[in-house]
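Visitor: The lines below spell out each chain.
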Amino acid sequence: MTTLVVNDAFTYLDVLSWSFEISGVPVTFVTPDVYLLSLCQSYFRFYSGSPTPISLPPKQPIRLYLRFAAPSMDLKHFIPVDAKLLAQQEVTTIWKASEQERYYFHFNFGNALFRVEPMRGQIVGIISPNALRWPHLMVNTYIFMTLMLALRWRGSYHLHTAAVVSPQQRLTLICGGQRAGKTTLTTALGVAGWYPISDDGVMLHLTSPNVVKVQAFRRDFHLAASLLRQWEALHDLEARYFYNDRACVDGLTFFKAESFASTSFARVDQIVFPELTGQKESYLETVSSSEALRYLIEQSMFFPLEREHTQRQMSLLVALVKEASCYRLRTGTDIWENPYRAGEVLRNVK
Amino acid sequence: MTTGKQQFVTKEQASFTELIDHQESIILDLENLHYYSLNAAATLLWKHLRSGSATTIEALSSQLAAAFDLSFEVAQQDTRQFIAELVREHLLSETEEKVLGRTAFSFPSSTELPAYEPPCVKSSNSVLELNLAGGASTAASGALGGGGT
Chain A
699 MTTLVVNDAF TYLDVLSWSF EISGVPVTFV TPDVYLLSLC QSYFRFYSGS
749 PTPISLPPKQ PIRLYLRFAA PSMDLKHFIP VDAKLLAQQE VTTIWKASEQ
799 ERYYFHFNFG NALFRVEPMR GQIVGIISPN ALRWPHLMVN TYIFMTLMLA
849 LRWRGSYHLH TAAVVSPQQR LTLICGGQRA GKTTLTTALG VAGWYPISDD
899 GVMLHLTSPN VVKVQAFRRD FHLAASLLRQ WEALHDLEAR YFYNDRACVD
949 GLTFFKAESF ASTSFARVDQ IVFPELTGQK ESYLETVSSS EALRYLIEQS
999 MFFPLEREHT QRQMSLLVAL VKEASCYRLR TGTDIWENPY RAGEVLRNVK
Chain B
2 MTTGKQQFVT KEQASFTELI DHQESIILDL ENLHYYSLNA AATLLWKHLR
52 SGSATTIEAL SSQLAAAFDL SFEVAQQDTR QFIAELVREH LLSETEEKVL
102 GRTAFSFPSS TELPAYEPPC VKSSNSVLEL NLAGGASTAA SGALGGGGT
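Just so you know, the sequences run in chain order A and B.
The first sequence maps to residues 699 to 1048 in this note's numbering.
The second sequence maps to residues 2 to 150 in this note's numbering.
By construction, these hints were calculated from the structure, which means they are not laboratory data.
Some hints could be false.
Claimed, not checked - Straight-line distance between alpha carbons at most 30 Å, and here's what the computed BS3-like set of lysine-lysine pairs gives:
#	chain 1	residue 1	chain 2	residue 2
1	A	794	B	12
2	B	123	A	1020
3	B	123	B	6
4	A	794	A	757
5	A	1020	B	12
6	A	794	A	774
7	B	12	A	782
With the hints as constraints, model all of the structure from the sequences given.
Guide: Below is the structure:
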């Protein structure tokens, strides 16, 4: 077994670093490689500049160290032999290992291995050179996931949901699993004059007992490439790059939503769970609070991990559904044909 | 077979949350992360069990009958079924010891309750098995994510 020691990797190297703040937590990337740093800076560019005021007490920082593995290095040897397997999907595995009072999570992505020590806020990523064939995957999955895990220990919890601010400045979450139509609906609302602040995630945290704050997780939007062709209003929206069938676009700037995206919201007015029907007309149905809560749990990152955090995350979700009106949106083809229809349907939300 | 005098105690790891006062609540079993939703009658009975104010079928049936203006016989039959369901789900167990209340709750007046429906606890699969990534749109869509949006 090879021991993963940060100092060995970094002490003798010329390192570059870049810092920003997310959910009130200072995050610093440290790497000897200018390309790795530039990938991070590009992905997290909406966090550069002045920190967002969210009235939180100062939080312990997170440091993320990135380095390349030597070509001959077998990454799985960095996982301690007594580590416990927590989850596995396709080539990705997550492990937990303890060492005296400390514990670590290891993410083995096949071509990269990340170790997270959440209490210390330390993430170490060792990346095979071939991982750079998919640079977007490396940032949007490897770094993103491990950072979200470390943030969990700083009191910020990721919820997989799109978020849109209405012209009346009411916050709507659009929550659902894969292919539920979140991004399409969010973009349609943007076309209809709303302010999409995230197509994929928000951060939840408590600012004081029982007061939940919601902030967009700011990044590029990942739209179906066909959407750019379908709606005339998007013809000027330039794709920064393509990933599979997705076009990565700067939706925040395009929809003039940057200011709302950095706002910390004290309440969510409505939560909408879209579901594609293939029928002509879109319409809303009310959803019970318990059903809504169950859906939110399903979309909560790392929910089962560490009961203390499960309970906190649960209390945040409960606070959301208690405040918000919850609806299922049976999404018909009318919105695809006319994105302004999305605004009409959701305007009827109480 | 349960008798009206047997005492029941709620599972300690069952985390109870009232979502709409006196009408709708959920239980998250923190041991196995099973998730349950409860209607108004079930919420009322669980609160009595949890607070220790009624811990036998007889006492619970009286509370249910009074709250929803039911005959004792109907209340007892529905309570019995509800208790059996909770025992099957391991949210409740019999005890011979004195039951100590774990939480204080407010109880509704009859005007705060909806029309009566028999106590119902709906269970979902354990959320323990959910993807750790919660469906977040990681580009690995597949790799723990699932939610390529």
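Visitor: Evaluate each hint against the coordinates.
Guide: Hint check results:
{"no.": "1", "hint": "A/794 <-> B/12", "result": "holds (28 Å)"}
{"no.": "2", "hint": "B/123 <-> A/1020", "result": "holds (19 Å)"}
{"no.": "3", "hint": "B/123 <-> B/6", "result": "holds (26 Å)"}
{"no.": "4", "hint": "A/794 <-> A/757", "result": "holds (24 Å)"}
{"no.": "5", "hint": "A/1020 <-> B/12", "result": "holds (25 Å)"}
{"no.": "6", "hint": "A/794 <-> A/774", "result": "holds (13 Å)"}
{"no.": "7", "hint": "B/12 <-> A/782", "result": "holds (28 Å)"}
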